[in-house]
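Chains as they are written, first to last, in my numbering: chain E, 1 to 291; chain Y, 1001 to 1769.
Keep in mind that the hints are not guaranteed to be accurate.
[Said to hold, decoys possible] Straight line, CA to CA, 20 Å or less: simulated SDA-like cross-link-like pairs of lysine to any residue:
#, chain 1, residue 1, chain 2, residue 2
1, Y, Lys1682, E, Lys173
2, Y, Lys1682, E, Pro153
3, Y, Lys1682, E, Arg184
4, Y, Lys1682, E, His259
Just so you know, the hints here were simulated from the structure itself, not pulled from any lab data.
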Amino acid sequence: MPVYLPDTTEEVLSLLAAHPNAMLLAGGTDVMVGINHQHGLRQETSIIALRNVSELSRYTIDDTASTISLGASVTWTALEEAPFVERVRCLAEAARTVGSRQIRNAGTIGGNIATASPAGDGVCALVALDAQLMLSSATGSRQIALTDFVTGPKRTSRADNEVITSVEVPIVKGWQSYAKIGVRNAMVISIAGVAVVLNTEHRSVSIALGSVGPVIIRATEAETALAQQIDWERCSISADDLDDGARLAATAASPITDHRSTAAYRKHAVQVLTKRLVQRGLRDLAERGPS
Amino acid sequence: MSQTITRSEIRHGIGSSPTRPDGAAKAAGEYAFSSDLFPDEALFGVTLRSPHQHARIISIDTSKALAIAGVFAVVTADDVPGKATYGLIASDQPVFASDVVRYIGEPVAAVAAIDEETSRRACAAIVVVYEPLEPLVDAELACQEGAASIHPDGNIIRHQHVLHGDPTVKGDVVVEHEYVIGMQDQAFLGLEAAVAFPDEDGGGVDCHVATQWLHEDRAQVAACLGLAEESVRLTLGGVGGAFGGREDISLQVHVCLLALTCGKPVRMHYDRVESFLGHVHRHPAKIWMRHHATSDGRLVNIEARFLFDGGAYASTSSAVLVNAVTHTQGPYQCPNAVVEGIVVRTNNLPCGAMRGFGVVQACFAHEQQMDRLAEKCGLSPLELRRRNAMHTGDTLVTGQVVESVAPVTECIDNLAALPMPGSTVGTHSYLLPGGAGNTTRSDNVHRGVGWAFAIKNLMYSEGFDDFSSARCRLEDGRITLKFATAEVGQGFITIAAQIARTVLGIEAVDLDTIDTNVGSAGSTSASRQTWMSGGAVDAVCRVVRERIFEHHAAASGCNPLALAVEGTDLVDTTTSERTPIEEVVRGLTIDEEVVYRHRATVHLDERGQGNCHTAFAFVGHRAVVDVDVELGLVRVVEIATAQDVGRALNPLSVTGQIEGGIAQGLGLALMEEIIQEDGRIKNPSFTDYLIPTIADMPPVVAHLIEIPDPQAPLGAKGVGEPPTISSTPAIIAAINDAIVNATGSTQKIHRVPVRPLDIVEAAYGGTAD
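The following block holds chain Y by itself, in its conformation from the complex:
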């Protein structure tokens, strides 16, 4: 007698690319972002901001504002019932400035009125008398001994050395240079917005807000409001991108305070200009590096100094700096290092988290150094990197052993094997440098190719208790997942359901509201949610699966340890008997919650030694550019990438992260910079803060390196940050190559974003190098 086994398959499980649950609504323009929340009766809140870079507040007179009809409340520092300050690491940033303002745009007061126009008029009617103080604008001056302190905590936010091996070792070949990285904005399209609903008795508040980390917001908001954390309930409003810019508090305390003061719902909504003032930016940096190598190009020592301008308040500056100094060596072996990193306060815009978090700056410097070293050793850029490539088990300059899968050689070789794009000779001028500007013809163009590679830490570092929670409920044959993981566009809501389907063999997965009615998921940052919240969802689903196995075993008398889920069937592996899971779970209700933690890390010691990071991902980029060197205009023709992803849980989402990250890296390379003059932003709108358009973004060829990482819950590494990191130096390396091809000049670009004149000067002589 023969038996036919029909294997069942789970649809939309791990490894497939199902449509995002919010995809159709977003494509149709029907998705409600947090700025689309217009509750009836809600007042409109507006922030009054400092026009001074550095000034003492002599007096604030709100009486004229309060006298305007329709105004419900004007609040200042005096009205903050709890802690006067907030901050992610150091609590140094005032909810409202009370004695001193430290940057142009610092909140001084907020108004709630019946509508936006009345609120703005009331804001304009607040009389603040300032006594201007000398601003501190230069990071180099800020860290000099005897520099006037602009904050009670001093100017230096963190000063960290890394001393490894024998820092006195000299190489046969030495290259050194200073690199400059401009201030980049996250430029998320969904502007800051929130709505707060006060409890009737004024004892608590509900807030719907676009954020990266609901529970951290809650802790900071509750402290400032003087409320217990459970009295502040946060729900994720629709988030239109984040990139680090929503990790800090912006309008959360203001909107909740106004709502509690007025006893009415209040909404706040920044416009683009205010958004530039209202969130932290990528740290502008000055980095000096000196690489020592043997004559055959093997690194023996790296000396480096990092100076980051943290702006007026600390935000995550100290962690950003640690990331920078601990990534000095890049994805290469280096036995010795002496590194100094300083991040300071100035009266410039506050800086903090942005995609790549300190590693963007470090990578730009170390990759330009590797190119200089290759040139000096007479090696190709790839050969030099092959000789130095890091492997699993190698030691970082912090003394930490890289236990993560470290496929650097695979990144190099796979990238090198990808075919080159064709020539653009004879194509329409729209596709050449200058694009729609009609500036350039094929005979004005020189081709360049550049390479860059990166290592990026995943998850939080330096002893941070980093965890994520998830809840799974089985009822009526359906699964409901609940978590507080901020969906900011990255697609966690898609893969969470995929994980549940594969683990449980149940296709019907619903997602509960993302809010604080469940344990914290940690921040949607540091490329951590696939690993951390993915790990939590995986773990809780496995707990539920065990309960299903026990239930089935009790009912059928089989051994629960012998049961497995295969597709949509439950299989008894001792008999090969298959039962559809939907039959097994009929009438069964299970509800579980788990907390997932990654391995412990430690704080760096004084010498910058210690296992401060959790895990690492690796990536390489090859940029092919056409450059009109005479005009200094660039057209990126193609970006190819090989990225260590561990395992692609959703290949389409991975591709989305890769393409989006590259666009942001291209932006930093070629155009994105907040330009400040005396602390005032000269380009606070998308008219002049340029981000890449479809005419700037080239085709991306992506090769995914899938070597599941045994340390990762699902073998999957975070993929969000790496694409942004080495794409920038790859483009600059390609421009340098085009300059050589055009004029023979070996002067190099050492600043991002590169400006047309920098290219002209590097090619034809000038002050660029």
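This is chain E alone, in the form it adopts within the complex:
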């Protein structure tokens, strides 16, 4: 089983062109577990390890254009703290819920997206933030909305010769947060996750739901209803309107019952978390005062 250790994105792309069935290895927190579970790789599989491609670990922040460009190999540990926490708090909070410290040191944002699990914490936050992806291959580059990129559970529109190079994340004015439920207090796969973004500039609401459908779901009806009912001047909402919005979010969820939880609980959890996050957001915004 050949393992390639390219140093530049360009080398990655030519290796991918030559070995379109190669497996891309970033943090390895999914790949290595998978290899262990199936007692090794098939002989014919080759691996392209991205750890030496330093440009993929870089990020740039453009506060004027209100965007952050995250290299695909940026780790959860990096995302947990400054300068991300004050700009894309929702993503930083999602980063903190991922695995253990060791997992967060290794796991990357690009790997989370490529794995495309409906339980991916980072993906849920990024979907709420309307993130865009940059992909490259030997024949060119393309940009695609994250929601369009993920086509199903663990399925994406990545072509065999493509690598995710960066994630473009808008810096939103307002408030944002991510919360997830697991049966353990840490190091646990989400049984329901909710990301909420209150955009005070556009007076809009984004709600993304994780682990309650085949892919991360946007609760668009809840978003519209809440955006309309929130009193953006006073940063408040009536209890009934908030309940209605949270109920709409639960309606958007289409969870299954499996060994981790039941569909009924997952819907319930989405409703409670949506309500709590919107409440926390409006309270924080009200305390912060007009900006």
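Knowing the structure of chain E, use the given hints to seat chain Y on it.
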């Protein structure tokens, strides 16, 4: 003329907490667990397991596997030279299935090849033709009359009644409910692993294995291999936890058989998924109880029915069931009882020993019952328990008199006196329910407090010839101890040396290899090794001490009966003359071996009466929890415990057992469950079989009740199991209390592990109760 007496002290003797001899290596990651044994030239062995829950084997074709380059042997039931089956109590489990497979994961064949990958490929090349049969999955159906039998020995492994006093007595107050306990895994971190080295002439085998009981393994392995016991030599490989899961045979026969077949060393090493299939689990149980009490809360009668799912093979199921039914009453007085216990075979995973051994299930039920009774009598949970507390000399529902020190009232009062932890209002959300998930703020949280108490039998029961052996050699002023006591992490190797130092006044104690070149020590289970192997080490050291006294008396002309060891000195008590022991033993060589036995016990009779247990330990737990009832999430804030330990030979080790046992009890309360669907484990990895992390485990406040038990060799009771037993119901009681505080609902959780939805439904109405 004045004489100055300088008293000597022994370092690292009984009552101190010296560092474990293997501690530094384990902390540094340098300790060799059995899975770290990689002898040169060793082949790798892999097991082929049944994909069916219940099926007839039509044919097994190994030819394609044998044709693969690098494959040395493929063995099936036809290749087992001795007994075809093994088992701790009933010998009902095949080394390899030959005619029928009875659970998903049952071994069908094993392969040895030059490396793991080749072995796995060869395993995949074995063609087994199965004819699927109807699986029996429901324990209730398995014990019904006319149920199809899944084993030649029938479905019912044991059916035991306990009838005591007048079972028709009715109470003024009656509470009843059914309780459900899920299947827990031991989840030891060191996976099953062994290496076997065949004798050159093929007439015997050496096996290094992580186990709880070398001699029992040897007896079972030798029988299956058709060898004399002395031709099978076992050495303890480094053991990374056991908790009952290494009491049964897993890979021992397979690895030895492969080594003998190939004439080469063979190693086997399960991964986590195979480990879930390869060892027995805690019995899932359904328990119904009806408690009768006077209006002032005194128990007058208990009716109960226990139904345990033993899975496909018997293992220790019958003993687990006896433990359950004989602990129905808990640490309380009760004059009358009518109890029925049934453990059955099904086509589910085999169940057997796990820390607490049947008492975990019984305690969960009786403690929830005591809380219901307290509520109905208008008494606090503690007051109800005080009124019923068992004392030394009380009679159990088996008719057995509790001769052990029984400090139940002390457990209750000491626990009640411990200060409560502070409020978590305003703390970071990481410390609240939901933890890292950022789900919860202080205003979503309700506090609850719960209590639970337990009685646990120590050592083996029902007439089992339970003994332990130890050897002590004095040479060149040093002591060498040899025993076959499995060190599984509990720390016996530490206290064995402590005992020798205190008894002999000699600090230099070495430990010989733990293997079968000495008499059996019995199993490292049933909270028995401190008492049993500690008793054996104490006894053999006292024999050696007598020999030292005789030697000194012969040399100095004093009376050997007047000699004593004090610190590191030998003291003539008639003259107060002190001689350093190192001087006394110079040039002296002594070698002794003893066998220690505990008092005899008897088998329960048909009415469940008889002195079936040896001794008892007692414990209480107080759980303080924060619950986000709206989401059903729990944060255990603190566990306080008062435990009857007799005497803490090594206080740090006792604390370690208490904290570890509580973690396992917390796991059962909140998250640990093997979930099966059609006999297949849905969560066979640590991704989804959740065990507590540091973020789940609260601070533990432990109060040790040290009343030396006169029956125990060193006054010390076993401490390993009690922490696991009542911690689980204490946490559930605390959650019930938080639910009342949050919504006023008195619906209660009646199942462990509790799931978030169970809490939501109990709090807001639903089907939970």
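Against the structure, the hints come out as follows:
no. : hint                 : in the structure
1   : Y:Lys1682 / E:Lys173 : violated (43 Å)
2   : Y:Lys1682 / E:Pro153 : holds (18 Å)
3   : Y:Lys1682 / E:Arg184 : holds (18 Å)
4   : Y:Lys1682 / E:His259 : holds (6 Å)
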